[in-house]
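With the hints as constraints, model all of the structure from the sequences given.
So for the sequence shown, the numbering used here puts the first residue at 3; every next one is plus one.
It is worth saying that the hints were derived from the structure and are not from the lab.
DEER-style ranges, computed between Cβ atoms:
id, residue 1, residue 2, range
1, Ala190, Asp47, 15 to 23 Å
2, Arg90, Ala50, 21 to 29 Å
3, Pro171, Pro111, 36 to 44 Å
4, Glu17, Ala114, 33 to 41 Å
5, Asp142, Glu17, 38 to 46 Å
6, Ala192, Tyr125, 18 to 26 Å
7, Gly139, Pro171, 28 to 36 Å
8, Ala190, Asp167, 14 to 22 Å
9, Thr101, Arg143, 14 to 22 Å
Cβ atoms here follow ideal geometry from the backbone N, Cα and C, with glycine treated the same way.
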Amino acid sequence: MADEAVPLWSKTEEELESIGLPPPFWAFAWAGGQALARHLLDHPDLVAGRAVLDVGAGSGLVAIAAMKAGAARATAVDVDPFALAAVRLNAEANGVAVTVLGEDLIGGPHPAADVVTIGDLFYERDLSRRLLAWLDGFLDRGVPVLVGDPGRSYLPKQRLEALADYAVPVTRDLEDAEVKRTTVWRLAPAGRAP
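As structure tokens, this is what we get:
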């Protein structure tokens, strides 16, 4: 992860933007991913022996935590090829095997999974709408969806059951705080209150 957040972010974002590539979201352990990873490590029963699909995986923190907690397999999904490279490197450094998938799965067929994890993806209206509709397909099949989020703007709170709260250390320059209160949630099916 990046230690000097703002200078690295600014320089990398400028250089990537100049060649038409996205900002380096994967370079930072965002609060939702940190809380979700901690929760999986503290509650391995949620993933032990199961296939985990981590959507919007970034650096792979949650997928790696799932493997460390005993998941049968973890697939890290991200559209950014640099994120996928980071996942591979981080998984190797942590002594676990994580499958990477570089596709935008949202809105498409639902891959096989026993648990779906989402960290910090409810930050844009259209993305959140698409994501929620797609996640409903997993819920319809009885696949639990776990969400780590510090209260991003488009978090569907009316459909979430809080599992745990964490005080997550973050970079003030990226999050406007030094600690973010972050919740791990279970997503409830549409039309059913958590």
